[in-house]
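Residue numbers (my numbering), protein chains in the order written: chain Y, 1 to 98; chain V, 99 to 618.
With a straight-line Cα cutoff of 25 Å, these simulated BS3-like cross-link-like pairs (lysine-lysine) come out: (1) LYS451(V) x LYS9(Y); (2) LYS542(V) x LYS555(V); (3) LYS209(V) x LYS9(Y); (4) LYS351(V) x LYS445(V).
Partner residues are not named here, just some residues of chain V that face chain Y (Cβ under 8 Å, in silico): (5) PHE130; (6) LYS142; (7) ALA155; (8) ALA157; (9) LEU187; (10) GLN235; (11) TRP250; (12) TYR457; (13) PHE467; (14) MET469; (15) ASN473.
Bear in mind the hints are in silico, worked out from the structure with no lab data behind them.
Where a beta carbon is used, it is the ideal one built from N, C-alpha and C, also for glycine.
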Amino acid sequence: MPQPITMVKRPDATGGEALYVEYCIMCHGPNGMGSGLLARRMDEGNLELRDNLTAEYVVTAARLGIGNMPSIPRGEVSDEDLQAIGEYLAAGPHGGGQ
Amino acid sequence: MAELRLPPDFTLQKLVQAQRAFESVLGANKVFFEELDRTSYLDKFAVNDEAHHPSGAIACESVEEVQAVVRIANQYRLPLFPIARGKNLGYGGTAPVLEGSVVLDLSRMKKIEFDEELGTVILEPGVGFYDLYDYVQRNNLPYWLSTPGNSWGSVMGNALDRGVGYTPYGEHTKNICGLEVVLPDGDLVRTGMGAFSNAPTWQAYPFGFGPGWDQMFVQSNFGVVTKMGMWMMPEPESLMGMDVEFDRPEDLKVMVDTIAPLRRERVLTQSPSIGNWMRAAAVLTRRTDWTDEPGALSDDVIDAIRKQFNIGWWGVSLRLYGREEVNKAAYKILEEAMGNAGPMAIKPTSWVKGQPLEYTGWTGTPMTFPMQNVNWYGGRGGHIGFSPIIEQDGDKALAQFQRTYARYQEWGVDYQGSFAFGERHLTNVNAMVFNKDDPDMMAKIDPFFRTLVADAKEQGYGEYRTHLDYMDLVADTYDFNNNALRRLNEKVKNALDPNGIIAPGKSGIWPRAFAGERGQ
Numbered sequence: 001m002p003q004p005i006t007m008v009k010r011p012d013a014t015g016g017e018a019l020y021v022e023y024c025i026m027c028h029g030p031n032g033m034g035s036g037l038l039a040r041r042m043d044e045g046n047l048e049l050r051d052n053l054t055a056e057y058v059v060t061a062a063r064l065g066i067g068n069m070p071s072i073p074r075g076e077v078s079d080e081d082l083q084a085i086g087e088y089l090a091a092g093p094h095g096g097g098q
Numbered sequence: 099m100a101e102l103r104l105p106p107d108f109t110l111q112k113l114v115q116a117q118r119a120f121e122s123v124l125g126a127n128k129v130f131f132e133e134l135d136r137t138s139y140l141d142k143f144a145v146n147d148e149a150h151h152p153s154g155a156i157a158c159e160s161v162e163e164v165q166a167v168v169r170i171a172n173q174y175r176l177p178l179f180p181i182a183r184g185k186n187l188g189y190g191g192t193a194p195v196l197e198g199s200v201v202l203d204l205s206r207m208k209k210i211e212f213d214e215e216l217g218t219v220i221l222e223p224g225v226g227f228y229d230l231y232d233y234v235q236r237n238n239l240p241y242w243l244s245t246p247g248n249s250w251g252s253v254m255g256n257a258l259d260r261g262v263g264y265t266p267y268g269e270h271t272k273n274i275c276g277l278e279v280v281l282p283d284g285d286l287v288r289t290g291m292g293a294f295s296n297a298p299t300w301q302a303y304p305f306g307f308g309p310g311w312d313q314m315f316v317q318s319n320f321g322v323v324t325k326m327g328m329w330m331m332p333e334p335e336s337l338m339g340m341d342v343e344f345d346r347p348e349d350l351k352v353m354v355d356t357i358a359p360l361r362r363e364r365v366l367t368q369s370p371s372i373g374n375w376m377r378a379a380a381v382l383t384r385r386t387d388w389t390d391e392p393g394a395l396s397d398d399v400i401d402a403i404r405k406q407f408n409i410g411w412w413g414v415s416l417r418l419y420g421r422e423e424v425n426k427a428a429y430k431i432l433e434e435a436m437g438n439a440g441p442m443a444i445k446p447t448s449w450v451k452g453q454p455l456e457y458t459g460w461t462g463t464p465m466t467f468p469m470q471n472v473n474w475y476g477g478r479g480g481h482i483g484f485s486p487i488i489e490q491d492g493d494k495a496l497a498q499f500q501r502t503y504a505r506y507q508e509w510g511v512d513y514q515g516s517f518a519f520g521e522r523h524l525t526n527v528n529a530m531v532f533n534k535d536d537p538d539m540m541a542k543i544d545p546f547f548r549t550l551v552a553d554a555k556e557q558g559y560g561e562y563r564t565h566l567d568y569m570d571l572v573a574d575t576y577d578f579n580n581n582a583l584r585r586l587n588e589k590v591k592n593a594l595d596p597n598g599i600i601a602p603g604k605s606g607i608w609p610r611a612f613a614g615e616r617g618q
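Next up, chain V with everything else stripped away, as it sits in the complex (with noise of 0.2 Å):
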């Protein structure tokens, strides 16, 4: 259970006055301030159970009661955390960054607003990827979501976060078009074309005049999103594609080489994820399957768990979306390029519309079953993702994963790895699956990972999300001209929010008011 911890400088007659205040705009059913509350408020993965602690949460139900609790919170300078559906696992989930802030809690807020000519939808932030699939599902409308691994969580939480899916629509921060936001003052504003009261093209043109505010709010302090829109993928008429597995560790390089400039040319408009073989052992079966030899699997035990489900070193799979006839002329192209590179074995799919679709990522449907990867090493199972930017580029991204998988031999960790295409840009995925039942091995993962930000560091590659663990040392290796990016960030923080009361803390950006806590 967790005992009660404040803010700095907080005291307790000061938070029961706020929570009264809470009590008042929200009713006493919707403020949580029990030992029983602040426990389910923990962040399920922490690495550190003793950091993030939440004194109580609140939900809110309507934009007004969270300018309602906003104003409040500046009364009594009361930290808020706003969360959407706190899903994201392995980034901190529901906790906050600054201990005793107060967790404000939007799930319950689930509008969903479409327009079905545009394939454009307004999504407060409880939506969650099973509530608007059970919405076009319903609605029989003709598009596809966009699903990362872990659909268990927020839409607009995901985008807001820079979460992937594996789609065209798959980089979910590109699609946002205009958000709402209750700013630290409680002001309300709609960015974008939203700016302008009547304009019908709100969700049709993402900058609206002058400066575009939209990502201001991604990965943010700024204010409380309330209402996102967003763009939708046209469900296609058909979806082409192949499941490609590579022998060889040496074979990321060649892989890489012959995917980037398809990509780029756009002859492939999803981003593809190359993985190794522990994508699958991991969600499928448990490290005990395998081998009760401690440190880094060993090569005879990776021969094995390839053998068993028939993969490569390496796998990766493509897919066309759009219709029949390009995706044809573009899957010739695909096919001797992928054939080229040398493959082990190369599995074609294809699917026409009016044919059984697969329920899978490639076809946006959501999911829960790839974080049974948390089970690999058994006990209460957790995760932590490294994931720095690197260039798209084959020998720089061999070395970088020779780099990362020395390290994982050399600390014990058995490696899960991802190279996932942008347009022009691979983000290399690390997972860090553990035991919290493991006292030994839990003791490694923080050294581990600052081992990894620094060897990322010296390259010029920095993280692209991260826990909140990690949020200041990640923050500082933004470092050109003396952090000058935080500064700014600062700057706009103090100015829209001088009592520092959303999310102090979140991404590495501290108030004035909270300054003293940074790096804590």
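Here chain Y stands alone, though its shape is the one from the complex (with noise of 0.2 Å):
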């Protein structure tokens, strides 16, 4: 198993990256829940690799849940923190760092 990613992979993580590491990567990371169930489904199960997600997608799957993903809720993380995480991964893909 590889280890997992955490911040201190991620010195220079900023904004949407570093909200990404800290609240989504567990599950999204390579070996995490998300990106093998994920992998059952498409090509790419990595989130951070993939090129055709937008931000309104990402928020609203990780709102209201989606699949085997339970929703996530605002008091966890906010909107203003949710949509930097989507404004991130609809950039991708993102290569490095991991």
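Two chains, two frames, a set of hints: combine them into the complex.
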């Protein structure tokens, strides 16, 4: 199993990327539950490597939950922070810093 | 979407007033009463989608804010349901016991204070396993975490629900050393040596003076925990052990009887977990990869799964932690004992500081991939667990397995069971994975669960932890002297929380104010 990615492994991350590492990468990193289940349905299971995500889709999927992903409430991740995460993923693919 | 549900005997007008009061102390951006918010705080793995709807949520970022909202809740007699990170999936997650409660979301409180010499830490509720792991890595601290299979949640939240990991520090509730708690009247207390204002030993000595209160705030609704002291395991020089497979279901007896004395003697200091072939299959594959036959998996399919993964009917991993010379001596004992037990295969493993580390539960690495098991039946998956405490005895464990397995066959549910060692008990975790998009399956989960509870009750086996739906049912099984323990818990509850505003119904403890809700 690869080592989990946390902020110590992305020391230069700021903004949406830093928020993604703090709130999302536990399940959406290379060995996470989210990546594993997405890989069963699509070619690219790792969200950071996708080139077809929109911020709106990310925010909707996270807020409402989708498939096996539980919803992420505002108390945990604010609207502002979730928007920044969505914009970061929409600007993908992001290849570095694995 | 979830339309508004109010607590019993509550009005919309009062809720709006309470909401305004929360906004005045927290700011509107930490108060969440829209329909989207209610939906997002539902139990994602709910078996009954109609139960446990919150009326809204609030997020606190400091102890003072928690005290302020508790005072407001008292003023309006509005029930609050505190959550740490709300990732207690399979037990209710973010949702409250009592419909209409306001979720008190503590996930933004993320402070960590570490004592590097003693290996102790003070954590706020929002510190997740990944957050603590990052902190330890970043500061190069020579300590390992103990992580559960679902490490997405809060370290404190997990310990306060008696969650477990797999290292010698695996019984997380036992590592608690000192709490800070906001009581239901808004008062602030520190337990143990924390009650002594300038004691440097709050995380060193778990007891303090007089009655010990730490466990009173575990699985309870007597207060809102805002800080938890915890011991962490010093990084060992060596990690050594074996992964062992056994061929037949009946081998459970010899496995338990071989490992148990080693655990009681503390040759083994970690909590091995004996699990069946489903553990690997449900995480790595889907049921449709193997069969489309309905009912519980047939022996043919089980054989195919075992062959594919090269595993036994049961598997267990034993691990030794500590000085290399000590581990080498202990390993010889394990090798002889397990060899005599007649295993199918023994695979030794060993690591010494300086070598590349395995990133697994044995090394306290946080992980989420085990949750892939919710996709076993496809659809919107979920799971619920039935986990009684049984004797640490091979015959009893085998009987419990046979009884439970027969029920899984009868109800047509695929069996995922494990027997995890405490020092003198076994926790028999039985998972029921389900597909929320399969109405026939969903209709049988509740009656199946109740059957298992009743079977266990006959044997004297009670659950160690349960989902919101079953808190009353499980509390009822603890029935010595006409449920004397529940009476005691409720005397304490009513003394500490006369308005009954903190998590009414949690663990079957109902305050006077909401006593009519029991069993609803």
